[in-house]
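Colleague: What follows is the residue order along each chain.
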Amino acid sequence: MPMIHLPARCDRTAAEALLPQMLAAQGQDALQIDASAAQQIGQAMLQLLVSARRTGAGATIVPSPALIDTARLTGLDSVLFDGTAA
Amino acid sequence: MTPQEIQDIFFVECEESLAAAEAGLAACKAGTPRDDTVNAIFRAVHSIKGGAGAFGFAALQAFTHALETLLSDVREGAVPITAPLVELMLRALDVLSDHVTAAREDGAAPEDGALLAELEAAMAVKGGVAAPKPARAAVSDSGDGGALDDLDLDALLDDLAGPVATADWVVKLRPHAGAMRHGGEPLLLLRELALLGAVCRGCDTDAVPVLGEIDLHQGYLGWTFSVPHEVSAEAVRDIFDFVGEDCAIAIGAQAAMPPVRIEPVTPPPPVQDQAAAQAPTPMTPAPPSQPPPAATGQSIRIDLVKLDRLIDTVGELVIAQAMLVQRLQNDNFGACDELAMLEGLTRDIQDSAMSIRAQPIGSVFSRVPRTLRELAASTGKSVALHLVGESTELDKTVIERLGEPLTHLIRNAVDHGIESPAERVARGKTPEGTLTLSAEHRSGRILIRIADDGAGIDRARVFAKAVEKGLIGPEAQLSKEEIDNLIFAPGFSTATSVTKVSGRGVGMDVVRQNVKDLGGRITIDSEEGKGTTFTLTLPLTLAISDGMIVKVGDQTLVVPLTHVVESLRPETKDVQGLGVGRMMLNVRGRFIPVVSVGQAVGALGAIERPEQGVLIVVDTESAGQAALLVDNIWDQRQFVIKSLDTHYRSVEGVAGATILGDGRVALILNVDTLVATSLPGLEAA
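For the record, the sequence lines run as chains A and B.
The opening residue of the first sequence carries number 1376 in the numbering used here; numbering runs sequentially from there.
The opening residue of the second sequence carries number 28 in the numbering used here; numbering runs sequentially from there.
It is worth saying that the hints were derived from the structure and are not from the lab.
Errors might be hidden in some of the hints.
Said to hold, decoys possible - Taking CB as the label site, the calculated pair distances span:
1. ALA1412/A <-> PRO387/B: 42 to 52 Å
2. ALA283/B <-> ASP1444/A: 24 to 34 Å
3. LEU222/B <-> SER1411/A: 19 to 29 Å
4. PRO387/B <-> SER1453/A: 48 to 58 Å
5. PRO458/B <-> ASP1444/A: 56 to 66 Å
What the hints assert, rightly or not - Anything over 10 Å on all C-beta distances counts as not near chain A; from chain B, calculated:
6. ALA129
7. GLU212
8. LEU248
9. ALA347
10. ASN613
Built from N, CA and C at the ideal position, the CB exists for glycine as well.
Could you put the whole structure together from the sequences, leaning on the hints where they help?
Modeller: Now the structure itself:
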């Protein structure tokens, strides 16, 4: 299962670039998403991560402190990280 | 549109907002605020804050937040408008302007700690959070064009309008696609909400589709936040004001979460609505129940390069039209109606193109109050500013290049013109000086006056200084105007010591040069003890002008119409000799020197006797009026100015070149230099 890496700046442009990768990586297992480098996270990326979590076998996200902070701010910590490394 | 382009728009709008806030505070200071003046100031500061947050300029955002909080208190009546408060806010505006500059130029943020403390001390509730107030008060001024007007806020806020709101309250938010357009980021707004103490109680993710169906341009998430009771609904509303209806808001625990609104995504249009950067609005038509706003005051932003290209093309059109006229005249078709129609249309197109570039001079004037405040602080001279004709429009390039000479003239007026309060009182004047800036259109030109009620030019001192500097001989007989003009001589300065205010190494000669470079002139009118007025006469545009096409020997030349007073065919008795080789023209009892253009430009075969040719009486800066002797006047028409500096090099006595109807190049005379160099003894002035 290839690991999908999130860049530091996770704006809509980044989300649009990652969507095809995520679609291509869909399979039997949960997607592996490495968000440990994410510094700035926008709504489009949050939506993409939520979508990835609810698509197929779901997704496992390795978050950065910034992503954890954003998830708490937006009430999405349980949606994004429950059952994952968070 | 790239984020950088959007940011550039933000900074342009910052300038506009700063000018609007400055104008509003000036009205407060003058005691003439309208009902909506404070609202206008608030909106201006608020929009800067919104953009600062969106682009991550933390220092700018923090400072605007403090100023905005104080303004919010003022508009709610919690803090009264007093003279010291207006002064404080004006100073805050200066620092805000510095913050904007720092953000734009990526420089260090200005020191604002002391001022922030002052702002906080002036707030109704110390510490930066607006006082709690009945919700009804929060919507009472919704006439300020708030983006939530479309919601039934009255009804939504009813459940908060109890006698005293003591419980935390709930707000539900759902950013739509528009809130994420043009680099907009709703999460930044949520962060701002969190800064007010709001806590997220849940995120509605039900609408988020699976990966195969997701459209990342849409907003699928909705949030429920719990807001501390001491935070007003208006404070929350203000945060989301920035995105307008692109973020649906419902207030109250019982209110339903606003539904998802899937919008067709269209590519960004080539031009942007003026408010696009701060309030991205959906490009799709509004639902029928929400008619689009009225078309009044709509505007677009255009890349200046495109506009300049249009002006250039219009210039070429003017030339092509002149060529066509010439060709048809040669074939005896010169009098046809179609040609007159074409000429009229060409002029209309030119006027329209020029009007696009035109901007009100108020944008230059708006910087003056700050200059005066700084001068008051450094010189101790308090000066009241009186502005007239701020809406007078002139070319953007002229506006941009006018700032520096204008600032210098104003510094000069305050530093050297207006007396100290004690001196003024001793002379029976008010302790506060007055500076009047006025602008008006007059016969195709712009007149800008800078008038002070100070001491006026001390001509004896100017004369002595000019003698000392070797600019004139001690026995020179000069008129008042000639003495006044000495202050424009290079290297001239009457200040006994170089002050930090006006002694910046820039003399009045540079001011005059700046004005000349703009194709304008500067004149002085001074009365000792009463004050001095500098008058700048500028062309409306730098690209196309009107002029007389004259023939001088083998040369065809253009005399800009801005200088021309009249033209006449003199009789022998009207012209009298003076000494060797000089002639004076008698114009209704007044004698003015005759300048032979043929001699000045070295034209071959030019007529030498005035009675054989035509005299054009012109106004000049340094030599008053003069009569230019030419062979004859061919035509009076528009001409497109082509810079010689750009295409060749600067030539004394020549202001530029133009292309005539027959395709030949004609030089445009620089009347001031031509006359000054042709009349010995006047160059120094």
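Colleague: Confirm or reject each hint.
Modeller: Hint check:
no. : hint                               : in the structure
1   : ALA1412/A <-> PRO387/B: 42 to 52 Å : holds (49 Å)
2   : ALA283/B <-> ASP1444/A: 24 to 34 Å : holds (29 Å)
3   : LEU222/B <-> SER1411/A: 19 to 29 Å : holds (27 Å)
4   : PRO387/B <-> SER1453/A: 48 to 58 Å : holds (56 Å)
5   : PRO458/B <-> ASP1444/A: 56 to 66 Å : holds (58 Å)
6   : ALA129                             : holds (22 Å)
7   : GLU212                             : violated (5 Å)
8   : LEU248                             : violated (6 Å)
9   : ALA347                             : holds (46 Å)
10  : ASN613                             : holds (77 Å)
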